[in-house]
Structure formats: C-alpha cells, structure tokens
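*Asks:* If you want the building blocks of each chain, they are given just below.
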Amino acid sequence: MQVHTARSSVFLLPSTLRTPSTWRAGVMLIALVLAVPVLVVFSFVFQPAGEVWTHLADTVLQEYLTNSLLLLLGVGAGTLFGGVASAWLCSMCQFPGRRVFEWALLLPMAMPAYIIAYTYTGMLDFAGPVQSGLREQFGWAPGDYWFPQIRSLGGAIVMLSLVLYPYVYLLARAAFLEQSICVLEVGRTLGAGAWRGFFRIALPLARPALIAGLSLALMEALADYGTVQYFGVATFTTGIFRTWFGLGDAAAAAQLAALMMSVVFLLIVLERWSRRQARYHHTTGRYRHLPRYRLAGWRAVAAFGLCLLPLLFGFLLPAGQLLAWAVQTAADTLDAEFLRLVWHSLVLAGTAALLALLFGLFMAYGKRLRGSLGVHAAVRVAGMGYAVPGTVIAVGVLIPFAWIDNRVDAWMRASFDISTGLLLSGTVAALLFAYTVRFLAVALQTVESGLGKIRHSMDDAARSLGLSPNQVLTRIHMPIMRGSLLTALLLVFVDVLKELPATLILRPFNFNTLAVRAFELASDERLAESSSAALAIVLAGIVPVILLSHSITRSRPGHD
Amino acid sequence: MTDPTPPPNMLDVERIRVGYGAQTVVQDLSCRLAQGRIGCLLGPSGCGKTTVLRAIAGFEPLVTGEIRLGGRVVSQPDWTLPPERRQVGMVFQDFALFPHLNIAANIGFGIRNLNAAQRDARVAELLDLVGLAALARAYPHQLSGGQQQRVALARAIAPRPALLLMDEPFSSMDVELREQLAREVRGILRHEAITAVLVTHDQMEAFALADEIGVLHAGRLEQWGSAYDLYHRPGSRFVADFIGQGVLLPGTLLNEHQVQTELGIIGGKVAPGLVAGTAVDVLVRPDDILHDDASAQLTEVCDKAFRGAEFLYTLRLPSGAKVISLVPSHHDHAIGERIGIRLDIDHLVMFPRSA
Numbered sequence: 001m002q003v004h005t006a007r008s009s010v011f012l013l014p015s016t017l018r019t020p021s022t023w024r025a026g027v028m029l030i031a032l033v034l035a036v037p038v039l040v041v042f043s044f045v046f047q048p049a050g051e052v053w054t055h056l057a058d059t060v061l062q063e064y065l066t067n068s069l070l071l072l073l074g075v076g077a078g079t080l081f082g083g084v085a086s087a088w089l090c091s092m093c094q095f096p097g098r099r100v101f102e103w104a105l106l107l108p109m110a111m112p113a114y115i116i117a118y119t120y121t122g123m124l125d126f127a128g129p130v131q132s133g134l135r136e137q138f139g140w141a142p143g144d145y146w147f148p149q150i151r152s153l154g155g156a157i158v159m160l161s162l163v164l165y166p167y168v169y170l171l172a173r174a175a176f177l178e179q180s181i182c183v184l185e186v187g188r189t190l191g192a193g194a195w196r197g198f199f200r201i202a203l204p205l206a207r208p209a210l211i212a213g214l215s216l217a218l219m220e221a222l223a224d225y226g227t228v229q230y231f232g233v234a235t236f237t238t239g240i241f242r243t244w245f246g247l248g249d250a251a252a253a254a255q256l257a258a259l260m261m262s263v264v265f266l267l268i269v270l271e272r273w274s275r276r277q278a279r280y281h282h283t284t285g286r287y288r289h290l291p292r293y294r295l296a297g298w299r300a301v302a303a304f305g306l307c308l309l310p311l312l313f314g315f316l317l318p319a320g321q322l323l324a325w326a327v328q329t330a331a332d333t334l335d336a337e338f339l340r341l342v343w344h345s346l347v348l349a350g351t352a353a354l355l356a357l358l359f360g361l362f363m364a365y366g367k368r369l370r371g372s373l374g375v376h377a378a379v380r381v382a383g384m385g386y387a388v389p390g391t392v393i394a395v396g397v398l399i400p401f402a403w404i405d406n407r408v409d410a411w412m413r414a415s416f417d418i419s420t421g422l423l424l425s426g427t428v429a430a431l432l433f434a435y436t437v438r439f440l441a442v443a444l445q446t447v448e449s450g451l452g453k454i455r456h457s458m459d460d461a462a463r464s465l466g467l468s469p470n471q472v473l474t475r476i477h478m479p480i481m482r483g484s485l486l487t488a489l490l491l492v493f494v495d496v497l498k499e500l501p502a503t504l505i506l507r508p509f510n511f512n513t514l515a516v517r518a519f520e521l522a523s524d525e526r527l528a529e530s531s532s533a534a535l536a537i538v539l540a541g542i543v544p545v546i547l548l549s550h551s552i553t554r555s556r557p558g559h560d
Numbered sequence: 561m562t563d564p565t566p567p568p569n570m571l572d573v574e575r576i577r578v579g580y581g582a583q584t585v586v587q588d589l590s591c592r593l594a595q596g597r598i599g600c601l602l603g604p605s606g607c608g609k610t611t612v613l614r615a616i617a618g619f620e621p622l623v624t625g626e627i628r629l630g631g632r633v634v635s636q637p638d639w640t641l642p643p644e645r646r647q648v649g650m651v652f653q654d655f656a657l658f659p660h661l662n663i664a665a666n667i668g669f670g671i672r673n674l675n676a677a678q679r680d681a682r683v684a685e686l687l688d689l690v691g692l693a694a695l696a697r698a699y700p701h702q703l704s705g706g707q708q709q710r711v712a713l714a715r716a717i718a719p720r721p722a723l724l725l726m727d728e729p730f731s732s733m734d735v736e737l738r739e740q741l742a743r744e745v746r747g748i749l750r751h752e753a754i755t756a757v758l759v760t761h762d763q764m765e766a767f768a769l770a771d772e773i774g775v776l777h778a779g780r781l782e783q784w785g786s787a788y789d790l791y792h793r794p795g796s797r798f799v800a801d802f803i804g805q806g807v808l809l810p811g812t813l814l815n816e817h818q819v820q821t822e823l824g825i826i827g828g829k830v831a832p833g834l835v836a837g838t839a840v841d842v843l844v845r846p847d848d849i850l851h852d853d854a855s856a857q858l859t860e861v862c863d864k865a866f867r868g869a870e871f872l873y874t875l876r877l878p879s880g881a882k883v884i885s886l887v888p889s890h891h892d893h894a895i896g897e898r899i900g901i902r903l904d905i906d907h908l909v910m911f912p913r914s915a
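Same order as they appear, the protein sequences are chains A and B. Heads up, the first sequence stops at 560 in this note's numbering, and the numbers go up one at a time, no gaps. Heads up, the second sequence stops at 915 in this note's numbering, and the numbers go up one at a time, no gaps.
Chain A extracted, bound-state conformation (with noise of 0.2 Å):
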C-alpha cells in the first residue's frame, strides 16, 4: 500500500535519459565534480606542513584564530541580540509600525558587509561628515578628542552584525509565530507574565530555530572577507589570500582553508542537529489569530526605536550614504567603463543562475524520480557548497584547474612541441565551476521546494485524464514549477553578484565586475565614485528580500 510509486514518473524523462541508471549516474557524477574544490581542500590536510605553514604556525596562526573567534563570538551576540529582540516585538506585540517593520528588518541583507564597512568608513573617518561636523560644532581640534576606531575588529563586528542578524530574525520569527498561542496561555494562566511568558517558554521553545538562524549567519561571518580585509583584520579569509598571493604557498593557503573549514563544519552541524530538534520543540499544529500584546506609551515608543535601530544602522543610513555619493560623482563614474562592468555582471551571474538552476533541476528530479540513497546523499553533497566561504572554493579550484593546465602544456609540449599555457585557470569558466560549487544549493532548495508541491497523485491524475508522459512535464509540472523557477534563477543572480573573495581570485586578468570594481575603488579610498557600483548591488539584492518577506506574509500560520 505504502509503496512508493515513483515508477510511473519514471516515464517523463527525455528519451535519452529515460534509463534510469543513465539519470543515476549523471547526478552521482555532478555531485563529485562539485565536490572536487572542498575535497582538493581537504587533502592538504593530509599532507606534511611545509615550511611555510611551520612559519604561519609560529607567527600569524594564532592571530588568524584569536581574530575570527572573536569576530565569531561577537557577530553571535550582536545578531543574536537584535535579531531575538526585533522578531519577539514584531511577532508578539503590536505597535505603531509594526507591520512595516515586519518585512522592512529584512532590507540589511541587501547591503553586502564589505560595502557597508567602507559606506560607514567614509562617514565616520576623521575627515568623514561625523568628525568633521563634531568638530565644528565645538570647536575641537584634532586629537582634543576620543572617537571610536571604526577600522577594528570591533567595528567589523559591528558592521556584520548589522547586515547578518536578519538571519536570526527571520527564524525567530518563524519559531514565535509557529509556537501555538496555547502555550503562551498556559502560561499565563499559571501567572507568568509577558516577560516571564518570553524568558520561560518562548525562547526555550524557539532555541533551535535561534540556533540554526545563529550558524547561518556564524557562516557568513567567518567568509566574509571583503570587510575583514577593509578593516586590517587578520582572520582566516585574509590569511589565504595573504598566503596564497603573499607568500605564493599553494598547499599552504589549502592547509589553512581546510582548518577553516572544520569550523564550518562545525557549524553545519550544530545547525543541521539544532534543526531536527526544532521538530520536537513543535507544539501543537491548532493556531489561532495571535493576540498581540498592546503596547502604548513609552513602551510603543521603546519598541518602535529597537526595531528602528537596526533597520536604520543597517539599510536606511548607508543606502542613503551610497545614494547621496552616487548623485554627487554620477557624472564621472557612470561611463562606458561602468557600462561594461554591469554587462560583465550580468552576463556572469545570469551564466552562472542557468547553469545552477539546469543542475538543481537535475538533481531535484533525480531525486524525486529515483530517491535511492546513493541519489538522495549525492544530491546532499551538492548542496554543501554554500556553507564553504568563497576564499576556500576559489583555492580549490584553482589547484586541480592549474594542475590540469600543467598536464596538458607539459604532454602537448611533448608530442607536439606547442605550450598551450593556461586552458582552464584565470578563465570565466573557472568562475562559473566555483559560482556553481557555491550557489548549487540555493536553486536546488528553491527547486525542490517547488517540485515538492507537485504530489505524485497529480501526475497520475493527468495520465488518467488522458495526458502522455510528456504532456505532463509541459502542461502540469512547467505551469506549477514556473515560480519556483524563476526564484531559483534571482536568488542565484543576486547571490553571484554579490559574491566577492572567489571572483578577485578567480576572474580573468582585467575582468572586472561591480562587485570587484566597487572593493577595488573602496581599498583605494575612492569611496565615493566606488557608490554607483556598490548601489547596483544593493538595489538587485532587495529583490530577494521582497521575495522573501512577500513569502512570508502568505504563509503565516494563524491568519487567513
């Protein structure tokens, strides 16, 4: 009875494709090769220290891991604090403009860190409008004063934990709204009050949802390199680089990253464990419109000012900072030169969205189709790839890519006397591989999200009606998939052209795309004419986020 029934879809495919070991294979195989960067990584662990790692281990190692602990230990507190604080009020409370709030908490995930640390260099720097302006005003000379080092490992902090709480936000909020109300009830029919209500059943009820929202954005901090690298920090993303470039120790930067990469492990894990809690933390499945907490007077205006703060820290001020610079220098920056790194972009993250999109689509079929284990743990690896930073994946793909290269010149100089140099390395298409091995997994969820709301039964409903296999793919599965599609392609879009440490290191020499382009002029202090580049970034990141909160509002549990 329960048996699965994948058998009758098995006759959807391509005819070419229509074996199913053919579609087995295929998926086993992209699997790998996506694998290929973080295994290369790996296998340095393996390999003796040379004599450079002995020299990083004497000198700067334990600074690479005293700075990205902290960094670690500081962007949890902060985006932990704002992120539990913003998603209790706009969940559980009602205030004046809580409902804009609710979707407008989102925006700092619009602004990448690295272009919010030099928007709030060039406002708080000494010549910046802030000091410029307090001078002024009370007539201090320069060094009459103590003003906080924004170019720190405290301000890096800061500067992350603007722009990653978001993802502790949404989470949280998640877990406040699927909490049924019931509990809360009990709660204060026992006597617990709203804040006793908070401490003593609601947080405890949503820590593992605080905890995957946490490592998610632990994982965005520790491969941040863009900002870290502004500010002078040495961690881990700067040590590979410096390694690599620096010191021109491959195995080196490998050894590191695959360090580096233990700690995201780590990280996987605690949020892959913390998720399978969150099932036996669901309370009851019985919702009901959620009684909000009325808040007035001082108490409305506190609420109002906390969800104002990050939202006006993290989006508001710098967006308007990058605004106000792009006017001003509009005349000189936009020219054939930005037009060319906008085409740049484009053409790459819109290669690089087809490319995971056709390869989730695969994947997410193949295991729909034949969810043997070997398919379903394949398919798992392929989506590992966006929890490893962008630094690691570029180190490796550049090692097997130039090893390849060296290969053939070496055999093609032999038998044929002709040096064919550099195939692979420094190509776009080294790029794609490593935007793929990264971004894979945001189209394959998005996919298979989508094609999860197509039940088997709907396939065989239409064969029943008289539709051959093929009819179904086109008239059932394409019409219900189209959005999912779609979002699949933006979020990977967004997602490659905000990417930063993997295009500096991988991109062809002299090609140049926004986001290369903004942190180059940014290093240079050119920070005002690097805005118009940094604002075409932030302005294709909101898309996401309207995706996002637009999702959210339709599938709310207890409102109609």
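Misleading hints may appear alongside valid ones.
As the list claims (entries may be wrong) - So, partial list: chain A residues that the calculated Cβ filter (under 10 Å) puts toward chain B: (1) 454; (2) 455; (3) 457; (4) 458; (5) 472.
Hints are computed from structural coordinates only; laboratory data are not their basis. For each residue, glycine too, the CB sits at the ideal point set by N, CA and C.
Following the hints, complete the assembly by docking chain B onto the known chain A.
*Replies:* Relative to chain A, chain B alone:
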C-alpha cells in the same frame, strides 16, 4: 437450449499478481464487475488494495494474470496499456487537483477533445451535479475538503470513463461529512450510470456506497460478496473478525447441522467435511444475543458502553468466555450485575478451531 450469452463484464480481473522487485504485494486476485455496478475493495491498510486499484488504472504492471475492461485486454504480463488510453477515471486520496487551474478548468481538463461549446456545457452540467456552480472560477486552495472531493469526482467522470476508480475517497473528511458525501456520490454515480471501484479501510463507507465488496487481507482476496453476505456469511476467520463486531465462542460439532456451545445448541448449515466431535468456534454477533430477564442463562456484566438507543454490554459467561450484546438502552444494568440472555442466531458461522 443454450443460455443467451450474458453481457460482458465491464471489469475482469483474472488471477493477477502485482509486486515491486522481489516483493509480492498482491497475489492471485480475481474479481469481476458488471456494467453500472459499484464494487469496493475493503481491507486494513497495507493489504494491497490500492495496488490493485493502480494496476486496474494502468500505473502498475502485472507479474502474472490479466485485466480486461469491457472485454478488451488492457494489462498482461509484459504489456500494459498506458493509463491515458484506458478511459479509466480516478479520484485520488489527496484529490490531486491541479493548483494552477480553477475549478472549471480542472473539471474540463480531461475533455480537451470536445469543442469549446460542448466542453463548457459538460463542465456546467457537472458543476450543477456536484452543486458547485457558484465556485467555477475559484481555485482549489479556496475550497473546503468536501468541495475539493466533489471537484475531483466531477473531473474524473467528465470524460465519461468506462470505469471510475476511487482511492480512499473520504479518508480526509470528518466523520459526519463522510456518510452524507458517500450518499451523494452514490447518487451521482447512479445518475451517470457509472461502473466504479472504490478502495477503503472503512466498512461503513463500503456498506454505504458499494453493491459488491471484496475483503482483502495480506494481498489476497478473502471473500467477494454483498455487505449482507460478508456480515452474516463470512467465509473466513479474518472476514468474520474484520467485518462488524462479534466474538468467536468455542463449541463442539454434534452432527451435520448442530453445534453444542455453552449457550446451548445452535442449528444451521455446517461446513461440509467436518465430523462430529470436531472442536469449532462459532461467530456470535452482538445482535445474536438477546437480553431476556426470564432466561435461566445468567451472565455477569463486565463492561458497558452507552450508544444512545442501546447499550453495548460485554458479558462474562460462567466459563469465563465473553460475548457482547446490544440491548435497548432502557435496560440499564450496573457493572457486576447478573442478567439473563438468550441466543438467537439466524446464520450459523463457524470455523474449525486451529491447534
């Protein structure tokens, strides 16, 4: 003189075996259904009934046996006519309505071969039949479960299929809604003169809807017959146990038509081939035990459940064996009280006691 040849059956299932890989799900199953009849496959979950349905629809190939629709072979080992060419309609357990199409488009999905005017007319007719004319432009997610069910039915019968299959059609409904819907569906099927097979684990649903019922157990057909037959003349211990309530009371065979039990001698037709003295179990239904204050046969009330019009008493006989009895609810006896009963069995059902 020869009999006129009887009309061909709409459905013939001939000794089919269905399995996945090495696992056999359905074995040696045969049944047939005449035009206009409603059949039902009844059994506990996991018994293979949905697999039979899917084999008839053409979703599962046969290992052995044959399926014919209106006399035409549609399934044989090594050959399966694809579902889209069988003219078989199907109503799925989860309804499987297409979420991207509105109700009218869902119902009209299977009749694209008609021209627009005919199609609209047929859709309108069906919307009326299922009482959803006002919701033609609504989308599936806006409908209640009962409404979705009616749309699924209308969609399946729109192409006037030779055979309609229904997989647990009411399993997601509230109990109150089930019976009403079952009656409605029966009316619609009769109205359209549709031959149908439904699959369910709920005997009340089967009784309400079907003319003929097959009881499935572990991939085999235990018995095929009317609801009355299954209840009063169960062919196996499993059917006796699965259909209705009752207990098996130990007894001994006296002769060809009498069994001695603790409650006295029961007469009736005895299964052939059993000799006197064989130990047997006799099926005793709650309606076979009558409460009679004048009876000398006293039993102790050990449990009671109020059912409105009657009490369902669990009674302990002197030997310790228990029987259950339906008693009009003005006979309110306390637990532990001893009350008189009388046996009144119309149909003797018994099975030789297994070692």
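*Asks:* All hints are to be evaluated individually against the structure, with a verdict given for each.
*Replies:* For each hint, the structure was consulted:
1. Annotation: interface hint on residue 454 of chain A holds; nearest CB of chain B at approximately 9 Å, less than 10 Å.
2. Interface hint at residue 455 of chain A: satisfied, since its Cβ lies 6 Å from the closest Cβ of chain B, which is below the 10 Å cut-off.
3. Here the hint on residue 457 of chain A is kept, as its CB sits about 4 Å from the closest CB of chain B, short of 10 Å.
4. A least Cβ separation of about 5 Å between residue 458 of chain A and chain B falls short of the 10 Å threshold, and the interface hint therefore holds.
5. With its C-beta approaching chain B no nearer than about 9 Å, residue 472 of chain A sits inside the 10 Å limit, and its interface hint holds.
Hint compliance for this structure: every hint is met.
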